[in-house]
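Between the sequences and the hints, there should be enough to build the whole structure, so can you do that?
Chain residues, written in single-letter form:
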Amino acid sequence: MAHQGQHLPASSIRRWLTTTDHKDVGILYLVTSLYFLIVGGTLALLFRFQLADPAIKLLNPQQFNQAVSMHGLIMILFVISPLAFALANYVVPLQIGARDLAFPRLNALSYWLYLFGGVLTLISFFQDSAIDAGWTMYAPLTTSRFSPYVGVNTGGLGLALLTASVTVSTVNFVVTIFRSRAQGLTIRRMPLFTFSVLLTVLMMLYAFPPLLAGIILLASDRLLGTVYLSSPEGGSLLWDHVFWFFGHPEVYIVLFPALGAMAEIIQASTRRHLYGRTAVMAAMTIVAVLSFLVWGHHMFNTGISQDIRRVFTITTIAISIPFDAIILSYIYSLAKGKIRVSTPLLFAVGSIGVFIVGGITGVFLGSNALDYILRGTYFVVAHFHYTMVGGGLLGLIAGLYYWYPKMTGRMFDEKLGRIHFVTAIIGYNLLYFPLFLAWQTPRRVPIYQPELLPYHQLATIGGLIFGLSFLIMFWNFLYSLRNGSPAGSNPWDAFTLEWATESPPPPGNFPAIPSFAGGKLAFVSMNGAHSHLAEATHHSIYPFAVSLGAFLSLAGLTVHNALLIPGLIVFALSVVGWARERFIAHEEPFGERWPFEKIDRVKLGWWTFIASEVTLFGVLISAYLFVRSASSSWPAPGEMLDIWHGATNTFILLTSSLTVVLALASARADKRSLTAGFLGATLLLGLAFLFNKYNEWRELFEHGITFSSSLPASTFFLTTGVHGAHVTAGLLALIYLIYRAAKGHYGKDNWEAIEYFGYYWHFVDIVWVFLFPLFYLI
Amino acid sequence: MVSTTAEAVYSLFDTFLTLGTIVFFVVLGYMLYHLIKHVRAKEVKGRDVELGELPTSEGFPYRLLISIALSATIVTTLIFSTFSTLAYLETPPADALEIRVTAFQWGWEFTYPNGKTVLGEARVPIDRPIKFYVTSRDVFHKFGVLSLGIGIDAVPGKINTYWTVIRVPGTYEVRCFELCGTGHGVMTGRIVAVTEQEFKAWYEGGG
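Just so you know, the protein sequences line up as chains A and B, in that order.
Under this note's numbering, the residue at position 519 of the first sequence is numbered 519, and the numbers go up by one with no gaps.
Under this note's numbering, the residue at position 182 of the second sequence is numbered 182, and the numbers go up by one with no gaps.
Source of the hints: derived by calculation from the structure; they are not laboratory data.
Relax, there's no trap hidden among the hints.
Restraint ranges, calculated between C-beta atoms of paired labels, are given here:
1) A:L453 <-> B:A41: 43 to 53 Å
2) A:R310 <-> B:Q197: 32 to 42 Å
3) A:A669 <-> B:E58: 48 to 58 Å
4) B:E198 <-> A:I778: 53 to 63 Å
5) B:V26 <-> A:I38: 37 to 47 Å
6) B:R40 <-> A:T285: 30 to 40 Å
7) B:D127 <-> A:R310: 28 to 38 Å
Cβ atoms here follow ideal geometry from the backbone N, Cα and C, with glycine treated the same way.
Next up, the structure:
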């Protein structure tokens, strides 16, 4: 087939820089996340060595704080989640019978943004200081008054790139899983790993915009001088709410793909469907929803009201019930058929075993009364390592062993795999269980009570064993790449779709189109789809180039300002190149698309993206309402802001929505010059909005009202500033549309781009409709 | 127990620990038993699922329902025992000795009702309710005296309270339990509990 020839050989660097094939991107994610595992693990060993004896002075206090903070951030955001997405990238399209993700170039973009986000975050180590206030980055310790380091800015921007990466891949996976399933593969029949990934990305959709909002608040305080986090009215509690609204769902975000992988492994090892499969799917869904209603248990001691604490005690303890259902279903499934023991199964069972400890101790922390003493101690450290490393990382390692034959076409060495399992599980428990016994140790301190010394020494020995055990895995995987016995298509006798194609699968994944329409798997011929497929492209340099541009621009802000201009140029040119590149993504001609049969791929992508934007503005507006309600006084309407500026801008922006609607109508009526005219009118209105805003800000500055004047000023400038940035981004896209419209590009056969732009533009207008009364009228 | 709060919190902890340990061993034991049994099994019920076979409608998971009912019972017990402990912890008596605790980078300042202010070491009477009003001068800290069952966040701009009655004279270590900068590890203090007479002598004297 023609598209097969388009893959460059694996030894070609160009292939890896330009690939958009989900399997290649999966491998890139895998290698990068394992690299960060080594970085995060090395940081952990550094402070674990220091903790072996308080007399050891390996790191000074500042270095110690950097090590613990960056260890947490790297492990959670740059290791466990991307490792899960390595597996998801590789496996999800195969499991649902798709040829690729819905947006292959966006998938590559997600990867490169992740890599460059990670690089930027690591660069901060070589500046004055990396992030040093814990992975939770509690305010006001992170404000420039207490942490006056450039490196912290760099790290924050690295995290911002990561949130961009996550948003893009969220959109991609939501659209793929909803729109690219093989015929007959309804949501309820979907493989459990894919189902867990679907819930994961839906949680990401609502959890990561709050993190981005938090980073925006922090960056704005540090770089522009706003006073969100340094004021007592905002400060600690504002950050706590925003961060944990992201932070607690994030715990389940790193856990769910591992739970999905374990389910697949148990099913393959017993050759039975999971016991209570529907109940497990229901329980996972309940957890995903509840995950947004438990964040307050991280704030039990902060002085939030009694009633709220009681509600969060109930929700947090109650979330253990659906988890019980999931884990017990897994255990009951083991009692269903004959079990074939393999390295993946051992890791899955080991993961369940230690996760039970993590789950039970989590109930302790859901109890407000116990949290008075447990919060901030090693009890918390031990607990979340039992869940995140035990449930999350070990579950994903199980998945990695399970899908390794599919990815490489070779079996790994089973004996080495089992040796890895035994050393890892011994090292693991030797590392983390003593931390429960040494629970009185405060978190993130190099000094503790002398009677706790033996426990910390045991933990250090365990950490060394656990860390080194991964060398066995690396060796095994590298050695077996060439020397492993051929795996064949289905080495585990599993029954999900990814095992019905070669290992590794060819470009395009399946020799024919898989379908479950008849109740079980059949391959139907590709009549008609053939010509379409042959055109499918797999290579584009633009995802890499756009990310590089973004990376250089951000590095230009905090590392060296000579990078800024080249970065912006690379970014702008590659965005234009991307838009003009002829790239054909293949969507299956038929498939299961409930509930989005009527909404096309790109439209669903836009809606998903806008959902994440709604959350972002929702958090920014909530932050404004939070600090306003905590403030004893606030300027009356018209006192600080001129209502007329706001009213004029409301009028201008609403009119511009109308002109976009007219542009779309003209295009659909094939009136090409009228289309260009209405788009031009929209641009003029947008510019008028920005000009009016410029005048408003200039007048405020002239009256001495700046970013740092007060909370009313800070919240106004930041919230409407982020909105103004959205308007500006819209206008830049609009210039491109006008250029194309002027050449007669849009007509009755080609108007979708204007429709998609319209969604974004109307959304930006609607945000203003909320901002105007909130800031000017009340 | 050395204090009323230690008594309340640690007995609740024991309830959680007892139930948690039982659940852990039952579940783990059940899993290992079936694991070993089904690894060794020669004959098992049902047939192997074939490649590409979709999940069929399954029977109602009764075992799961019973397990969920059991864990719901345990969970409800734990929630109610938490609430009763909370009700006690959150009802300070009216006649408590009120001490203001101000955390700062990196130390503790204690201010008494008569204005007496000490750094690092607070002297308090035994057998008398003491109420701490905890705040911070700079960043987020946590005021924790684990041996007395005391722990509450010190948040800038906020005053959080916690109360206790100490039963046993002695010196109890105060530590900070929220990362607060390079001095976090050495941000310690002491609560020295003495008899009422000794306290009075110290409090009303110059010292």
